[in-house]
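Sequences listed follow chains A and B, in order. Going by numbering that gives the first Met the number 0, the first residue of the first sequence is number 0, and it counts up by one from there. Going by numbering that gives the first Met the number 0, the first residue of the second sequence is number 0, and it counts up by one from there.
Calculated directly from the structure, the hints in this document are not laboratory data. Even glycine gets a Cβ: it sits at the ideal position worked out from N, Cα and C. Be a bit skeptical, because a hint or two may be false.
[Claimed, not checked] Residues from chain B that keep clear of chain A, each with C-beta distances beyond 10 Å, as calculated:
#1 A84
#2 P85
#3 L91
[Claimed, not checked] Computed footprint of chain A on chain B, listed as stretches where at least three residues anywhere in the stretch have a Cβ under 8 Å from a Cβ of chain A:
#4 121-134
#5 196-206
#6 251-263
#7 272-282
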Amino acid sequence: MKPRWRNPSLIAGGAIVCALAAAAALGPSMVAADPLAINLNLVLAPAGWAHPLGCDALGRDVLARLLWGARISLSVSVAVVAVSVTLGSIIGGTAALAGGAADELMMRLIDVLLAFPGILFALALAAILGPGLLDLTIALCAIGWTGYARLVRGEILSLRERDYVVAARALGSRTERLLWRHLLPALAGPLIVRTSFGVAAIIVAEAALSFLGLGARLPTPTWGNMLDEGRAFLLIAPNLTAAPGAAIGLAVLGFNLLGDGLNRALDQRR
Amino acid sequence: MRGYIARRILVLVPVALGVATLTFAMIHLTPGDPVVAMLGENAAPADVEGLRHTLGLDQPLLRQYFIFLSHLLRGDLGQSIVTGAPVANLVLERFPATLELAAAALSVAILVAFALGFLASVRPGSGLDLGAMGFAVLGVSVPHLCLGPLLMIAFSLRLGWLPLSGRGGLAHLVLPAVTLGTAMAAIVARILRQSLIEAQAQDYMRTARSKGLGQRAALVRHAVRNAATPVITVLGLEVGALLTGSIVIEQIFSWPGLGRLMLQAIGSRDYPLVEGCVLAFSLSYVLVNLLTDLLYAVVDPRVRLG
Numbered sequence: 000m001k002p003r004w005r006n007p008s009l010i011a012g013g014a015i016v017c018a019l020a021a022a023a024a025l026g027p028s029m030v031a032a033d034p035l036a037i038n039l040n041l042v043l044a045p046a047g048w049a050h051p052l053g054c055d056a057l058g059r060d061v062l063a064r065l066l067w068g069a070r071i072s073l074s075v076s077v078a079v080v081a082v083s084v085t086l087g088s089i090i091g092g093t094a095a096l097a098g099g100a101a102d103e104l105m106m107r108l109i110d111v112l113l114a115f116p117g118i119l120f121a122l123a124l125a126a127i128l129g130p131g132l133l134d135l136t137i138a139l140c141a142i143g144w145t146g147y148a149r150l151v152r153g154e155i156l157s158l159r160e161r162d163y164v165v166a167a168r169a170l171g172s173r174t175e176r177l178l179w180r181h182l183l184p185a186l187a188g189p190l191i192v193r194t195s196f197g198v199a200a201i202i203v204a205e206a207a208l209s210f211l212g213l214g215a216r217l218p219t220p221t222w223g224n225m226l227d228e229g230r231a232f233l234l235i236a237p238n239l240t241a242a243p244g245a246a247i248g249l250a251v252l253g254f255n256l257l258g259d260g261l262n263r264a265l266d267q268r269r
Numbered sequence: 000m001r002g003y004i005a006r007r008i009l010v011l012v013p014v015a016l017g018v019a020t021l022t023f024a025m026i027h028l029t030p031g032d033p034v035v036a037m038l039g040e041n042a043a044p045a046d047v048e049g050l051r052h053t054l055g056l057d058q059p060l061l062r063q064y065f066i067f068l069s070h071l072l073r074g075d076l077g078q079s080i081v082t083g084a085p086v087a088n089l090v091l092e093r094f095p096a097t098l099e100l101a102a103a104a105l106s107v108a109i110l111v112a113f114a115l116g117f118l119a120s121v122r123p124g125s126g127l128d129l130g131a132m133g134f135a136v137l138g139v140s141v142p143h144l145c146l147g148p149l150l151m152i153a154f155s156l157r158l159g160w161l162p163l164s165g166r167g168g169l170a171h172l173v174l175p176a177v178t179l180g181t182a183m184a185a186i187v188a189r190i191l192r193q194s195l196i197e198a199q200a201q202d203y204m205r206t207a208r209s210k211g212l213g214q215r216a217a218l219v220r221h222a223v224r225n226a227a228t229p230v231i232t233v234l235g236l237e238v239g240a241l242l243t244g245s246i247v248i249e250q251i252f253s254w255p256g257l258g259r260l261m262l263q264a265i266g267s268r269d270y271p272l273v274e275g276c277v278l279a280f281s282l283s284y285v286l287v288n289l290l291t292d293l294l295y296a297v298v299d300p301r302v303r304l305g
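Construct the complete structure from the given sequences, taking the supplied hints into account.
Right, dumping it as structure tokens:
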């Protein structure tokens with residue numbers, strides 16, 4: 000069966016993700032306003048030509064902050080997921096291939112880590128490491144890798160029993176060749192799908208931690224801390240809350256749709 | 000059944016020990032000195048030493064660990080540095096509020112999920128199905144963080160139907176519970192729809208229909224029970240998310256639960272209190288997982304017999 004690339008989820012998700020990536024990459028240089036420039040004449044200014052999304056409580060342009068926030072939120076999320084996937088694949092793959100006591104030990108370690116609700120772990124870690132982007136990234140990576148490790152281990156264990164892998168082994172393939180030639184290509188599909196959902200989850204987690212005051216240090220804008228700052232002005236300036244809220248929602252929707260679409264396209268069993 | 004319960008509880012012991020160890024390690028092994036963090040960089044060395052001694056941090060690490068565990072077994076979580084009150088009391092004081100919120104959100108989630116799941120599975124591919132599942136996709140994608148303020152704007156600022164924040168009667172509970180429960184409702188509805196549709200294609204359903212049961216009766220009596228296992232799995236996984244999601248919800252709605260206590264403790268660098276809150280959250284998460292496993296055994300006899 001050929002991959003089904005033309006499905007609505009994949010197209011919509013891909014379009015949203017591409018648009019967001021473009022906004023994060025190019026947006027900050029296309030908007031003239033400085034996201035950090037305080038202008039007390041523009042406090043809580045409504046949306047208008049000069050400031051399409053209005054200004055916040057310190058007269059800073061909301062659109063500029065939103066775009067800079069996109070850059071931070073997206074790059075943190077992608078970095079966290081990249082590190083998590085790499086770490087998880089190495090650990091999960093090693094456990095599956097090594098087997099025996101090493102496998103057992105690693106899986107019990109993961110059980111304990113998973114017994115910790117993710118965001119709680121990140122919250123506690125961020126609290127100890129102190130607020131800041133790097134610390135936030137470390138905290139999110141610390142919880143992120145376990146899921147991928149489980150996925151990779153499970154897939155390898157099941158792939159190992161497939162006829163074509165058994166045949167390759169019977170023909171004398173070494174573990175190394177087996178891994179590169181047969182296991183990794185088969186693993187790529189589920190891993191890519193999981194990665195897309197993973198980015199969505201990390202965007203929310205990053206926003207939540209920033210919202211709780213444990214993300215990037217102020218005044219650096221992130222979607223999470225913009226939401227937090229807007230909360231106090233919910234009644235008089237709901238745009239301060241709606242703008243970052245919509246951005247987070249759109250990003251999550253985009254990556255979830257992308258994951259769903261990739262799943263449909265790559266799932267050969269359907 | 001009794002043997003199964005005993006086995007599950009036995010497995011709980013090492014996991015609980017692991018959770019306690021991890022909490023300890025997190026506070027004691029991460030770089031940075033909690034005492035300096037609490038007192039500030041410019042604190043007098045004598046004060047630092049004094050507090051370190053009071054907290055027992057001048058003992059060897061292994062000894063600290065065993066003291067921590069033995070105190071934990073006796074329910075002693077130490078004293079809050081800020082107020083001096085026993086951490087266990089502070090945690091127990093706030094826990095009911097969080098539990099109330101989580102239970103309310105769970106009820107919302109189950110009610111909505113079953114309504115949507117049933118509607119969607121009756122005629123897959125119909126407009127009803129598309130509508131219900133469209134709502135489900137939306138529900139998963141709108142994070143708590145956005146839904147909360149949105150609901151606040153709509154239902155309490157614009158319409159004035161519900162109180163904005165705080166804890167009180169049932170009216171106070173509605174918005175936080177709906178905010179917290181929506182994502183879960185959406186996830187469970189999708190799983191329920193899927194497994195109901197699968198169950199309806201099974202032979203036993205045809206048997207049930209051919210012996211004269213109506214579609215609704217066959218659905219309720221036979222399909223639901225068989226569709227329940229994946230739903231329980233997801234519910235169990237999501238209740239954990241519910242507990243921790245409540246941290247954000249409590250902050251949004253000024254709900255005086257364990258999550259806000261923990262955030263306050265983090266803000267004031269009250270490490271024993273942070274430790275206590277983390278332990279309370281994660282141990283209840285472990286307990287929820289146990290309950291899920293037990294529920295499996297009730298619903299699906301193959302689990303306890305196999």
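Does P85(B) sit more than 10 Å from chain A, CB to CB? holds (20 Å)
For the region 272-282 of chain B, do three or more residues have a beta carbon lying closer than 8 Å to a beta carbon of chain A? Contact hint for the region 272-282 of chain B vs chain A: holds, 4 residues under 8 Å.
Under a C-beta cut-off of less than 8 Å, do 3 or more residues of the region 251-263 of chain B approach chain A closely enough to confirm the stated coverage? holds (count 3)
Verify that the Cβ of L91(B) lies farther than 10 Å from every Cβ atom of chain A, and report whether the claim holds or is violated. With a cut-off of 10 Å, L91(B) remains clear of chain A, as the shortest Cβ separation is near 18 Å.
If we take the beta carbon of A84(B), is the closest beta carbon in chain A still more than 10 Å away? Per Cβ check, A84(B) is outside 10 Å of chain A; nearest 20 Å; holds.
Claimed coverage, the region 196-206 of chain B by chain A - three or more beta carbons nearer than 8 Å: violated (count 0)
Taking a Cβ-to-Cβ distance below 8 Å as contact, does the region 121-134 of chain B have at least three residues touching chain A? violated (count 0)
Hints 4 and 5 from the earlier list are contradicted by this structure; the remaining hints agree with it.
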